Amino acid sequence: SQQGEEDPQALSIQEGENATMNCSYKTSINNLQWYRQNSGRGLVHLILIRSNEREKHSGRLRVTLDTSKKSSSLLITASRAADTASYFCATDGSSNTGKLIFGQGTTLQVKP
Amino acid sequence: EAGVAQSPRYKIIEKRQSVAFWCNPISGHATLYWYQQILGQGPKLLIQFQNNGVVDDSQLPKDRFSAERLKGVDSTLKIQPAKLEDSAVYLCASSLTGGVGELFFGEGSRLTVL
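Respectively, the protein sequence lines represent chains A and B. Note that the working numbering numbers the first sequence so that position 77 is 77, with each residue one more than the last. Count along the second sequence starting at 1, add 1000, and that's the number in the working numbering.
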């Protein structure tokens, strides 16, 4: 079963706009990660946020985590056509084995 | 640094046939994962190895799927006999220790079962 659920399932924006994707999960976690997947390719790690962190930045990415609501959001600012991809959140379900459970993903299309 | 290598990239077989996928993780990575990704869905963990031991295979359909990681490096995932619902991308990933940290994914092996 999937741990995380992303919302929206699909998002279409114009280049330069911001994109926000949300992730909800069911059980307690040690950390939450976001990955990007370009069409026909493998997943690429974007950012990891630990359960005791509330916000984290990496370049044009901003991730927030609300453990009381069991939710996270990924904000991509000033989007580019190259950001077109599927984005997945993944949680460890409080496991220390490194096992990650992925959500269904949000498909982002950035129009030039 | 070389990434996670997988082969073949594409495979088409008929149902009831068998298929094998190979993965070579990043050098020095102790933990190796096989994920199944059905079109339009997120990856689902099939099996996790720590060196050459199995950590988690709770979602591996053991009546038809098998995996091994001999010598704690390369890994092979086999499906025999294949069913139509096995059509998916099989992703291999590795991580340095298997604790908290990022996973490094290969490009995947796309299987089509006719």
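Rather than coming from a laboratory, the hints here were simulated on the basis of the structure. Among these hints, one or two may not hold up.
Once the Cα atoms are required to be at most 25 Å apart in a straight line, the calculated SDA-like pairs of lysine to any residue come out as [claimed, not checked]: (1) B:K1044 <-> A:D83; (2) A:K69 <-> A:R41; (3) B:K1044 <-> A:I13; (4) B:K1083 <-> A:Q104; (5) A:K99 <-> B:E1014; (6) A:K99 <-> B:R1016; (7) A:K99 <-> B:D1056; (8) B:K1044 <-> A:P112; (9) B:K1071 <-> B:D1056; (10) A:K99 <-> B:K1015; (11) A:K69 <-> A:Q9; (12) B:K1011 <-> B:T1097; (13) B:K1015 <-> B:V1055; (14) B:K1044 <-> A:E5; (15) A:K26 <-> B:K1083; (16) A:K56 <-> B:L1096; (17) A:K70 <-> B:L1111; (18) B:K1062 <-> B:G1028; (19) A:K99 <-> B:I1012; (20) A:K99 <-> B:L1111; (21) A:K69 <-> B:E1068; (22) B:K1044 <-> A:Q109; (23) A:K99 <-> B:L1060; (24) B:K1011 <-> A:N38.
Stretch-level coverage of chain B by chain A, calculated; a stretch enters the list once three of its residues show a Cβ under 8 Å from a Cβ in chain A [as the list claims (entries may be wrong)]: (25) 1019-1025; (26) 1045-1059; (27) 1088-1097.
Taking beta-carbon pairs under 10 Å as the criterion, some of the chain B residues facing chain A (in silico) [claimed, not checked]: (28) A1002; (29) G1003; (30) S1007; (31) Y1035; (32) Q1041; (33) G1042; (34) F1065; (35) S1066; (36) G1072; (37) R1110; (38) T1112; (39) L1114.
Predicted model only: the values in this text are computed from it and were never measured. Positions of the beta carbon are idealized from the N, C-alpha and C atoms, including for glycine.
How the hints compare with the structure:
no.: 1; hint: B:K1044 <-> A:D83; in the structure: holds (24 Å)
no.: 2; hint: A:K69 <-> A:R41; in the structure: violated (32 Å)
no.: 3; hint: B:K1044 <-> A:I13; in the structure: violated (29 Å)
no.: 4; hint: B:K1083 <-> A:Q104; in the structure: holds (23 Å)
no.: 5; hint: A:K99 <-> B:E1014; in the structure: violated (32 Å)
no.: 6; hint: A:K99 <-> B:R1016; in the structure: violated (30 Å)
no.: 7; hint: A:K99 <-> B:D1056; in the structure: holds (8 Å)
no.: 8; hint: B:K1044 <-> A:P112; in the structure: violated (33 Å)
no.: 9; hint: B:K1071 <-> B:D1056; in the structure: holds (18 Å)
no.: 10; hint: A:K99 <-> B:K1015; in the structure: violated (30 Å)
no.: 11; hint: A:K69 <-> A:Q9; in the structure: holds (20 Å)
no.: 12; hint: B:K1011 <-> B:T1097; in the structure: violated (31 Å)
no.: 13; hint: B:K1015 <-> B:V1055; in the structure: violated (30 Å)
no.: 14; hint: B:K1044 <-> A:E5; in the structure: holds (13 Å)
no.: 15; hint: A:K26 <-> B:K1083; in the structure: violated (31 Å)
no.: 16; hint: A:K56 <-> B:L1096; in the structure: holds (23 Å)
no.: 17; hint: A:K70 <-> B:L1111; in the structure: violated (35 Å)
no.: 18; hint: B:K1062 <-> B:G1028; in the structure: violated (28 Å)
no.: 19; hint: A:K99 <-> B:I1012; in the structure: violated (29 Å)
no.: 20; hint: A:K99 <-> B:L1111; in the structure: holds (24 Å)
no.: 21; hint: A:K69 <-> B:E1068; in the structure: violated (39 Å)
no.: 22; hint: B:K1044 <-> A:Q109; in the structure: holds (24 Å)
no.: 23; hint: A:K99 <-> B:L1060; in the structure: holds (14 Å)
no.: 24; hint: B:K1011 <-> A:N38; in the structure: holds (20 Å)
no.: 25; hint: 1019-1025; in the structure: violated (count 0)
no.: 26; hint: 1045-1059; in the structure: holds (count 5)
no.: 27; hint: 1088-1097; in the structure: holds (count 4)
no.: 28; hint: A1002; in the structure: violated (14 Å)
no.: 29; hint: G1003; in the structure: holds (8 Å)
no.: 30; hint: S1007; in the structure: violated (13 Å)
no.: 31; hint: Y1035; in the structure: holds (8 Å)
no.: 32; hint: Q1041; in the structure: holds (6 Å)
no.: 33; hint: G1042; in the structure: holds (4 Å)
no.: 34; hint: F1065; in the structure: violated (17 Å)
no.: 35; hint: S1066; in the structure: violated (19 Å)
no.: 36; hint: G1072; in the structure: violated (15 Å)
no.: 37; hint: R1110; in the structure: holds (8 Å)
no.: 38; hint: T1112; in the structure: violated (14 Å)
no.: 39; hint: L1114; in the structure: violated (20 Å)
Against the hints set out earlier in the document, violations occur for numbers 2, 3, 5, 6, 8, 10, 12, 13, 15, 17, 18, 19, 21, 25, 28, 30, 34, 35, 36, 38 and 39.
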